[in-house]
Structure formats: C-alpha cells, structure tokens
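Read top to bottom, the protein sequences are chains W and R. Residues in the first sequence are numbered from 148 upward in steps of one, following the numbering used here. Residues in the second sequence are numbered from 3 upward in steps of one, following the numbering used here.
Don't read these hints as lab results, they were simulated from the structure. C-beta atoms are modelled at their ideal positions from N, C-alpha and C, and glycine is treated no differently. There's no promise every hint is true.
[Unchecked claim] Derived, one-sided and incomplete: chain W residues facing chain R with beta-carbon distance under 10 Å:
# : residue
1 : S190
2 : P267
3 : M278
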Amino acid sequence: MTNALRIQDLTVEYKTRRGVARAVDRIRLSLEENRTLGLAGESGCGKSTLGRAIMRLVPYPGQIADGNIYINIDEDIPCKEGDIPKGEVDITELNEEQMRVLRGKEIAYIFQDPMTSLNPMLTIGSHFVQMIRAHDPEIEKEEALDRGKEVLEGLGILPERVTDYPHQFSGGMRQRVMIGLGLVLRPRLLISDEPTTSLDVIVEAQILEQMAELKKKFNLTMILITHNLGVLAQTADDIAIMYCGRLVELASVENVFEAPQHPYAQALLLSVPDVTKPDKKLVWIPGAPPDLVDPIPGCMFNPRCPMAMDICKTQVPPLIESETGGLVACHLYGGK
Amino acid sequence: MTLRSYVTSRVLLMIPMVMLLLTLVFVILRIIPGDPALLHFEKGVDPVVLAEFRTRLGLDKPILEQYFDYLWGIFHGDFGISMQDYQPISTHLFGRFPATLELSIYSILFAVLLGLALGVKASKNYDTTTDHSIRLFSIVTYAIPVFFLGMVLQFIFSIWLGWLPTGRRFPGRYTPPPTITGLYTIDSILAGDLFSLVTSVTYLILPTITLGTILCGIFIRFTRTNMLETLRMDFVIAAQARGLSNGTVTYRYALRNAFLPILTMIGIQFAALLAGAILTETTFSWPGLGTYLVARISRRDYTAIQGTVVFFGVLVSMLTLFVDILYAYLDPRIRL
Numbered sequence: 148m149t150n151a152l153r154i155q156d157l158t159v160e161y162k163t164r165r166g167v168a169r170a171v172d173r174i175r176l177s178l179e180e181n182r183t184l185g186l187a188g189e190s191g192c193g194k195s196t197l198g199r200a201i202m203r204l205v206p207y208p209g210q211i212a213d214g215n216i217y218i219n220i221d222e223d224i225p226c227k228e229g230d231i232p233k234g235e236v237d238i239t240e241l242n243e244e245q246m247r248v249l250r251g252k253e254i255a256y257i258f259q260d261p262m263t264s265l266n267p268m269l270t271i272g273s274h275f276v277q278m279i280r281a282h283d284p285e286i287e288k289e290e291a292l293d294r295g296k297e298v299l300e301g302l303g304i305l306p307e308r309v310t311d312y313p314h315q316f317s318g319g320m321r322q323r324v325m326i327g328l329g330l331v332l333r334p335r336l337l338i339s340d341e342p343t344t345s346l347d348v349i350v351e352a353q354i355l356e357q358m359a360e361l362k363k364k365f366n367l368t369m370i371l372i373t374h375n376l377g378v379l380a381q382t383a384d385d386i387a388i389m390y391c392g393r394l395v396e397l398a399s400v401e402n403v404f405e406a407p408q409h410p411y412a413q414a415l416l417l418s419v420p421d422v423t424k425p426d427k428k429l430v431w432i433p434g435a436p437p438d439l440v441d442p443i444p445g446c447m448f449n450p451r452c453p454m455a456m457d458i459c460k461t462q463v464p465p466l467i468e469s470e471t472g473g474l475v476a477c478h479l480y481g482g483k
Numbered sequence: 003m004t005l006r007s008y009v010t011s012r013v014l015l016m017i018p019m020v021m022l023l024l025t026l027v028f029v030i031l032r033i034i035p036g037d038p039a040l041l042h043f044e045k046g047v048d049p050v051v052l053a054e055f056r057t058r059l060g061l062d063k064p065i066l067e068q069y070f071d072y073l074w075g076i077f078h079g080d081f082g083i084s085m086q087d088y089q090p091i092s093t094h095l096f097g098r099f100p101a102t103l104e105l106s107i108y109s110i111l112f113a114v115l116l117g118l119a120l121g122v123k124a125s126k127n128y129d130t131t132t133d134h135s136i137r138l139f140s141i142v143t144y145a146i147p148v149f150f151l152g153m154v155l156q157f158i159f160s161i162w163l164g165w166l167p168t169g170r171r172f173p174g175r176y177t178p179p180p181t182i183t184g185l186y187t188i189d190s191i192l193a194g195d196l197f198s199l200v201t202s203v204t205y206l207i208l209p210t211i212t213l214g215t216i217l218c219g220i221f222i223r224f225t226r227t228n229m230l231e232t233l234r235m236d237f238v239i240a241a242q243a244r245g246l247s248n249g250t251v252t253y254r255y256a257l258r259n260a261f262l263p264i265l266t267m268i269g270i271q272f273a274a275l276l277a278g279a280i281l282t283e284t285t286f287s288w289p290g291l292g293t294y295l296v297a298r299i300s301r302r303d304y305t306a307i308q309g310t311v312v313f314f315g316v317l318v319s320m321l322t323l324f325v326d327i328l329y330a331y332l333d334p335r336i337r338l
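Here chain R stands alone, though its shape is the one from the complex (with noise of 0.2 Å):
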C-alpha cells in the first residue's frame, strides 16, 4: 500500500466516523428529558412568545426535518443560533477557537519537551534515585488538580512575586495585534510588534506552565516505559555495540522507535487539551472555548452546547487522522 492509499482510505474511513458523532450529538440532545424552550423561560410563559421562540430556532419543524438543516448547515460552517442572543454560534466558535488553540499548542509544546527530556533520562538511569525522583514528579503531576496548580502558581508568581498577570489574554487597555491567524504570538510577529509579542507571552506563561505540567506526567510515563523497552532491543545494542556514539544511540535508534506510540498518545492528549482546557481557562479567564462553554452551559443554550460539541468532536476527528498520516509517514513499515 502506498502513503497516498493509505490516506485516501483513512480520510474516506473518517466521514462515516463524523457522521455518526453527528448524528449521535443530536439525538443525545433530543432524548435528553426536559423541553429546550420550556426551560429557557420562566414557569408560565406566553404560548404565544414560546411557539414564537420555536419558530425562530427551527424547533417546531419534524425531527427529519431538523436532522437535516442541520447537518446541511455544519456542512455549510453553520453551527445554528444561540438561544440567548439568536447570533449565530459559529462566530462564537470562530472568535474564540484561536484564545484555546493557542493555550493548546504551548501547553502541548512544553508537556511533550519536558515528558520526552525527563522520560528519557529516567529510562538511561533506570533504578536510580534520579529514575524514582522524575517518577514521582510524574505521579504527582497528574494527581494536582489544574485549578489547585493554577490558583498555586497564580498566589506565587502574580500576587506575591507581582512578576506575571493573574488572567485574561491581553490587556483591556491595550489592543490586540491586527488578526490573522488569531494566535496572538504568532500575529505579533507577523506584525513586527514586539510589545505585543512579549505581552501576550506574559500572558501565556501560566496557564501554559499550569496545563502543560498537568500533561507532562503521562508523556514522561510514557516516554521513560517505551524507551526501557526499546533500549533492551536487539538493535540497540547492535548499534552500541558497533562503536556509535551514546547520543546516537539514544535519539536516533531508541527514542526515534520508541516515539511513534508517544505520538499517537499526543495526538490523543492534544485532542483531550482542546476540550479539557475547561478549567485551566476558567481559572485564568481565559476567553476560550472552554469558558465559552462553561458560561453556556450555566445558561443551558442548548444550541450552543450542541454546536462546540460538534465543533470540538469534528476537531478531534480531523486531529487523529492527521496523527496516523503522520505516522505513516515517520514509519517506513507502514508505507510497504
């Protein structure tokens, strides 16, 4: 099979896949007890400003019908309206996506760098103090609740220190660089606005310390089980023992092999991070998706819940099936 088959047929396995999150997001939603417009008003409410309300947001149509305008309006980039401001959901989601993708990519960035440099040295120093130490830190990474370690970090580095903001993405008094593609860092450079630039790192320290040390924990597991693995495989010691050098060995024969499940497990964590940034935005008010969401929810906007979840699942899906062409491409056995 060749790489471009092999993708054909993954993108070609992914619609059916998308489908029924589709189709499974929706029905949730319609089996779930309670009436969305019933709920979304006082006890006693008018029929006529109800079936109005019904009217406005497609509800009193036949279920098929619905299915239908709906799917044809994702397919469309229409995620419906909100049933709080009747704006339509998809600027929402547009607007706010870039504040999660960016938290995303640095917390991800700084999990996998410490997970693969702390997981490597407790693999090389297997059943040493340095090996139960780094194992610890791991354990105990992932046992912090986010909002403990963010509030934590908060108290030390921006109320005692003064040294970094508490929350938000930038300054109310100050605008934002020009968007373009919505990270703030990255439309600072392309802007040539250093102030901007180092402003919106300031910004970003925390909470991507706070995110990506609650990730790092289950990469350098991760990384240190594959690579104790790897190192006792046959060619490994081949290659030690045909003179090439500790370095080589390390990063080029063990973790290069011990870093395709590694990747798989980004893919997944980095997916994870999209939706679980819940509580690290909210603890740093961070206007992302998952405050989106958070606020929504507290609302109960069903059409809105409805339209970040299938934000959120298409996202994941378009995630994972970039992670296996990927990997396809890093590992020559399955290109054969």
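Only chain W is shown next, with the shape it has when bound in the complex (with noise of 0.2 Å):
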C-alpha cells in the first residue's frame, strides 16, 4: 500500500504578542491510501492547526515552522507556475500557484461551521461553478452548473435549488452542499473538520452514513477531525490522539478503544459517557492543558497524569511502538 499522506516532523507556529506558542510540534504520521484516520483532541491540541496545515492554509499569525508534507499523486498536475510531477510531492516546498492548484482537486477540506462556509452572496450554483472553473477555465458554466446538479441530486438535494442562495438552505443541506464541493473534483485525500458538529445528533447520523458510502465510492483517504470519540468508532479506521501538539498515540480503532495505551487516551475514554451504564460515575480529567506559550519540559501531560515519573518531568517520551501495534508516547512504554 503506498501512502497518501506522509508527514515528518511537522511543527507549526503561532508568533503571538506573548510569545510564540507552537500549536503543532514535531508530528510524524503517514496515512495509507483509502483509510480513515481519526484526528482527536481536546480543544486547542493542535488538531485543526494539523488539518489546515496539510492545505498549508494556517491562519494568521501562524506558519508552518518546520517539517515536510508529502502526498502522492497518480498523475502529472499542470500549472502556470510549474508543473507537478506525479508521485509523492513535498507541499511544502510548493509555490502558492501551485498549492492553489492542489486545494480542491487533490485534497479538498470541510469545514466545521456549514452555516457561515458558503458566500452569502452567491447561489448555489455559482459556488460549483467558480470552482470548477478555477480548476479548469476552459469547461463552459452550462457544463459547470449541470455537474453541481449532479452532484447535488447525488447528496439528495434538488438540482433546481442550484439558483438558492445559501440562506434559504438548512445547516444539514448547507453541509451536504460543503461536501459536494468538496468532492465535485475528486480530491484524493479529504480533510473534515468537526464536519458535524454543528448538526443535530440526526443530521449528523444523515452525513456521516453519507460520507462514508462517497468514501467508498470514491476511493478517498480521509482524515477526521473531531473531538467526539463515539463519531469516530463509526468512522475511522486509525485513530491519532494529539495533545498540546503532539502525538502521543496512534492506533487501530479497536486498539485505542479496547486497549489504550496512554494514559491521556486512557482518561479521555473514560471521559465519554455510556447510555448503557447510566449508573457509571462520569469520570473528568483534573487540571487544565499548559499553556502552548510557556511549555513545560517534559511530558506535556505529566502534571495531570496519575502514573507521571520523575522522568516525565524532563525528557519529552519518543513515539515508539507500542504492545499493540501502534505508536505511544510514553515513559510508562520505553523500558522494554
């Protein structure tokens, strides 16, 4: 199996007035072809910053600092400013013609909020067509439009509201309209972020049936960002848990749901409430995560960790192997 995505030595940086708060630190993945990896976190762990890096679109004030991102494409991408050759592509080292190129037709994004996503001031319609254009200016808006249509009657909306604007839409239809643009041109690699989240528990039952029957059809490697655990144990296949900007733990989805490894994964499963044990105490995590711009040495964990050692005080954990099959960043792990 090749890999979609590889990532090495990731790190990506908020220059703030306090300082400079690194929202991504040194993280190492790669993501095999027509998988799901299950991007989690508490709010503020980097996971979005992760995402948006991939389309090498941080929001200001941050930048990518350090670090490669490759993704593999299966055919030459011509461009004004220089072609891109197939085979894996570092983004990083791409010129923003180029990039721009890249978003949308070979890896597309989600965002969270469907509400406020599409131009108030546009139909439907014309969002399909400025984009397939931007991608391809010589096919005609006509050609443009009916392949919106298809698209959209493709996701259960009538083809005739292409001449809405998006206030007249609801949040579940806004969405579907996000993720039909998203894959109009038949990205490879799809990154969602928090793609349900605004939704109602229904409509988000509605899209992620949805997404995963066009990951099928498709063939598209996804990466799923959430913070909602019990949406990925539908969804993904690998699971990363991220925090304070680093990996400490990547496994299958039934190893970190089974058997987690790190005691922050561990906690964070506890965490989540189970209807089917409602006399479960719910357990919380105590203490809040260090703040990005004042880091602390060490495990990033260590003072809200029960089993913290003195070695977790000093030395960051490396990502090594863990018993299971999957990666763990854990002192409690080096000793074998």
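Make the complex out of the two chains shown on their own, each in a separate frame, by following the hints.
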C-alpha cells in the first residue's frame, strides 16, 4: 500500500504578542490510501491546525516552522508556475500557485460550521461553477453547473435549487453542499474538520453515513478531525490522539477503544458517557492543558497524569511502537 | 418581503421624515432671537419700508399660514424669494447645484476608488510596513484641513508649476458647453466639444483631489477593517481551500461581502459631501451651492438660508433612500 499522506516532523507556530505558541510540535505520521484517520484531542490541542497545515492554510499569525508534508499524486498536474510531477510531492516546497491548483483538486477540506462556510452573496450554483472553472477555465458555465447539479442530486438535494442562496438552505443541507463542493473534482484526500459538530444528532448520523458511502465510492483517503470519540468509533480505521500539539498515541480503532496505551488516551475514553451504564460515574481529567506559549519541560501531560514519574518532568517521551502494534509516546513503555 | 414591497415601505417612511425635517427648519428659523426684517435694515428704518418688506416676504401673515405657504411652495419647487434681491431662491439653487454635484461626484469617485484600493492592499498585507504606511496616510488625510491641502496644491500646481488653474469652473473668456445636465464634463461630451471637456477637466482636477483625499481616509480605514473581518470568515477560507484564485477570493468573496457596510458609508459621505463642499468651494472659488450658502449667511439672507438648508435636507434623504434600495438589491438576504 502506498501512503496517501506522509507528515514528517511538522511544526506549526503561532507568533503571538506574548510569544511563540507551538500548536503542532514535530508531528510525524503517515496515512495509507483509502483509510480514514481520526484525529482526536481536546480543544486547542492542535488538531485543526494540523489539518489546516496540510492545506497550507494555517490562519494568521501561524506558520509552518519546520517539517515536510508529502502527498501522493497519481498523475502530472499542469500548473502555470511549474507543473507538479506525479509521485510523492512535498507540499511545503510548492509555490502559491502550485498549492492553489492542489487545493480542491487533490486535497479537499470540509469545515466545521456549514452556516458560515458558503458565500452569502452567491447562489449555490455559482459556488460550483467558480470552483470547477478555477481548476479548468475551459469548462463552460453551463457544463460546470450541470456537474454541480449532478453532485447535489447524489447528495439528496433537488438540482433546481442551484439558483438558491445559502440562507435558503438548512444547516444539514449546507453541509451536504460543502461535501459536494469538496468532492466535485474527485480529490484523493479529504480532510473534514468537525463536519457534524454544529448539526443535530439525526442530521449528524445522516451526514456521517453519506460520507462513509462517498468514501467507498470515490476511494477517498480521509482525515476526520473531531473531539467526539463516538463519531470516530463508527467511521475511522485508525485514531491519532493529540495533546498540546504532540502526537501521543496512534493505533487502530479497535486498539484505541479496547486497549488505550497512553494515560491521556485512557482518561479520554473514561470521560465518554455510556448510555448503557447509566449508573457509571462520569470521570473527567483534572487540571487543564499547559500554556503553549510557556510550555513545560518533559511530557506535556505530566501534571495531570496519574502515573507520572520523575523522568516525565524532564524528558519528552519519544514516539515508540506499542505492545498493540500502534505508536505511543509515554515513558511507561520506554523500558521494554 | 419582496424587493418591491421593501422599496414601497422605504419610500412611505421617507414622507414623515421629510415632513419632520421641513418643520424643524421652519421652527428653528422662527425661534432664533432677532427679527429677520429688523436685521435686514439699518437702525431707525422707516416703519413703512419695514412693513412693505414684511408683506413682500409674507412675514406679516400668521405663523401657521406662513408654515402652510412654505410647505405648499416647497412641494411646487418654490423655495421662497431671497431677502436680498427678491429673486426666487430656486433659480439660484438649481443653477448652482450642478456645479456642486459635479465636484461631489468626481470627489467621491476618487475617494472611493483610492480608499478601496488602499484599504484592500492594507488588509492583504496586515501588520506589515505597507499596512502601517497606509494607515498612517489615512490618519493624515483626515487630520489635514481641507483649505490647507487645497492651498498647498494650488501653490504647487498652479502658482509654482503653472499647470492647473487656481480656481473657478471655467475660464471667463469662453462660454461653457450648452446646458443639458449642467455638469460641464457630461455636457461637453454630449455636445462633442473636446476643448470644453479638457478645459472643464483641468478645472476639476485640483478641487477633486483636495476633497477626494480628505474623504479617502475614512474609506481606507473602513475598507481595511471590514476586509480584515471578512478575510477571516469561514467562507473566505473555504473558498481558498477549494483552490479559487487569490483575486477571486479577495474581490468576489471578501470585498463583495465587505462592500455592503462600505456602501452605506459612501451614501452618508456623499450626502455630507454635498453639504460639506463649502470649504473646498470657497478655497477654489467654485460657483456651487457651498459658496452660495456662505455668501448668503454673511449677508443674513434668512429666506435663502432656509431654502438652501431645506434643499440639502431633501437631497440627503433622497440619497439615503437610494442607498437603502441599492443595498437591498445587492444583498440577497434583505430580499427574503
């Protein structure tokens, strides 16, 4: 199997007034084709920043400080400012125009809030036309619109609604439009950043089901960013857990849910409410994550970790292979 | 609500607004201390002359009758007669209005274009030297007094370099183009008179730049702030993530949405400009309404002042109405 995505020592920093905050800290991971990676962690752990970094759209004042991001391209892509050859491409090396060509065509991104992700001044159809023509100006308007209609129909939206404006659509419909826009050019990699967080549970289930179908249909490789572990249990093949910008655990879904290795992953799973056990007391993780501008030495989780040792306060644990076949960054497993 | 019912309701709302304005102007001019008739003459004036003067201007009638005469007159385009030369004020107003309108149109065009261009540039280069320089420029422009900038420009371009005239609208030794719209540039184009066109443009340049520069600061700041806000919005980032070009994202997504509040500002500023051209008109001896008003105030011509103020008031409310309708036309959400 080839890797659709390979990230090497990626570091993303936000230069704030108070100092430099390292939102993504030397992340290294690879993603095989046609698999879904769930990226989990609490708010502010850097999961969205990691997703945005893969698009090279880190919000100001953030920037990729170090590392490489390789994606696999199966055919040469023409570009005004230097064609992109097929094979593994380091997107941190590309110029802006080359990057623009890849966005939407090779990598698609679906945002958290469908209510604000569409241009309120444009019809739904115009969104499709502009996107398709941005990548191939030779396609006529009518043809582009027809392709948009086709995609929308596949997602259960009446094609004649292309002349409507975003405010005439419900949240779930808008998210379907976003998915349609994401998939209309048949990208290989789809990053969805909390695609269902702002929707109600029934619509959430519909959207997730639809995404799973589309993933199969289009052979998509997917990264699903969420803080909702329940969503990942249904959709992901592997789960990466982040804490304070670092990868602490990466394993298959089964292993993460049945035998989480890292104490943070264990604590995270314990804090998920279980409807089948109403008597179970909800557990939470005491304390709060450290300040990223003024990080603590050693493992970032050590002040909140029930199993912290002396070494945890001085040395950053390396990411090593765990007993279950995944990866874990914890000194508990260093001795083997 | 359809666009038509929105427009109808806005037009109907304008009626009480204008009525209130007319009444206010009437009342204020009646309650300020001093009898206009007495002020008009030297001390110890013959009571017969005074009574005749009052009859002529209708000042001897009961106040309510004066009020209804005044309203009746305005609805027929009659703004009363001047205390100075007993000429109908409307003749002066309509004769001088095109001069003010022409100067205002070119100044606002200059200010808006420069303001949008620099504002967009500043927002795209947020927190860089370019951004800081543009912001400094915008602050300087609205700190400079109009007449000072006007005189500096006159000194450089008229006196020192001798390229442009110091003032007035057209050289006295030639006849202006035949009046159709009253705007010399338009009239010369309509008459196919190249000489008049070039001449009127050379006379317009300095006052336009003066007034336009003073005004552009507010547009720069307003554009910049609105663009910064819009550029951070989800739908702008989502558009980038779909691979839309920088230009499309900046202009069709960000600026188009940032433009609506700017449009309101243009409306307000244009209205203020019509009235506020007074200083510029005086500096450049521009034969518009501003110089007319200044001349009448210095001669205490109460009826002329009342007429001019009412004229401006009605003009401003019509302009506001126009902007509101344009706003509804441009923003699909208002047309609901």
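A quick look at each hint next to the structure:
1. S190: With a minimum Cβ separation of about 17 Å from chain R (threshold 10 Å), the hint on S190 of chain W is violated.
2. P267: holds, 6 Å
3. M278: holds, 5 Å
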